[in-house]
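For the sequence shown, the residue numbers in my numbering are 27 to 170.
Where hints are given, some of them may not hold.
[As the list claims (entries may be wrong)] The calculated EDC-like cross-link candidates involving lysine to aspartate or glutamate, where the alpha carbons are at most 16 Å apart (straight line), are:
no.: 1; residue 1: LYS140; residue 2: ASP83
no.: 2; residue 1: LYS129; residue 2: GLU81
no.: 3; residue 1: LYS86; residue 2: ASP155
no.: 4; residue 1: LYS140; residue 2: GLU81
[What the hints assert, rightly or not] Computed beta-carbon distance windows for the label pairs:
no.: 5; residue 1: LEU114; residue 2: VAL141; range: 28 to 36 Å
no.: 6; residue 1: GLU143; residue 2: LYS163; range: 30 to 38 Å
no.: 7; residue 1: GLU81; residue 2: PRO128; range: 31 to 39 Å
no.: 8; residue 1: THR94; residue 2: GLY39; range: 13 to 21 Å
No wet-lab data here; the hints were simulated from the structure. By construction, the Cβ of each residue, glycine as well, lies at the ideal position given by its N, Cα and C atoms.
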Amino acid sequence: MDVIELEVFSDFGQIQVFDGDFDPCESDAELDWDDDAISKFGCYCPQVVALGVIENDDHKIPVSIHDTAPEAEIEKWDHIVEFPFECLSGSVDIAEESIALPKGKYALRWSVKKVGESGEYRIEFIKSDLADINVIKQQSNIFS
């Protein structure tokens, strides 16, 4: 498994992940940051996932692609959630960065660890037919 480390900037408390051919500015897709999405640290609609971050800043985020689900490492992370994601184009945009991602359906696993006033993050794309959000570990006081 190769790990790609991306340097991305978060804005409005989120990092958006979307299929490389998808243009979020030309879509009617609505990302609803309701209380449930805030507690799960993300929301999604077809081909787009918005991942919550603790702070707006530059982030170094490791990204990996898996055929089967790796260990979630629940002892290392404060919050782990998986979102359905479908790649139709063969690439994915993560904030302003683009990487190759084989076409198909994935669980996008978002892991968050609070470090002082900021956070540490990880993205894993796992081949999967996941149909709804899967919360592996949820910490309700991650913002406090």
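How the hints compare with the structure:
1. For the hint pairing LYS140 with ASP83, the CA-to-CA distance comes to about 14 Å; that is within 16 Å, so the pair holds.
2. In summary, the hint linking LYS129 to GLU81 is not supported, as the alpha carbons are separated by about 31 Å, beyond the 16 Å threshold.
3. For the suggested pair LYS86 and ASP155, the alpha carbons sit about 28 Å apart, so the restraint of at most 16 Å is broken.
4. The straight-line distance between the Cα atoms of LYS140 and GLU81 is roughly 10 Å, inside the 16 Å bound, and the hint therefore holds.
5. Between LEU114 and VAL141 the beta carbon distance is about 35 Å. The supplied range of 28 to 36 Å therefore holds.
6. For GLU143 and LYS163, the hinted distance range of 30 to 38 Å is not satisfied, since their beta carbons lie about 21 Å from each other.
7. At roughly 32 Å, the beta-carbon separation of GLU81 and PRO128 lies within the given 31 to 39 Å, and the hint holds.
8. Range check, THR94 to GLY39: about 32 Å between beta-carbon atoms, so the 13 to 21 Å window is missed.
Going through the hint list in order, the structure does not satisfy hints 2, 3, 6 and 8.
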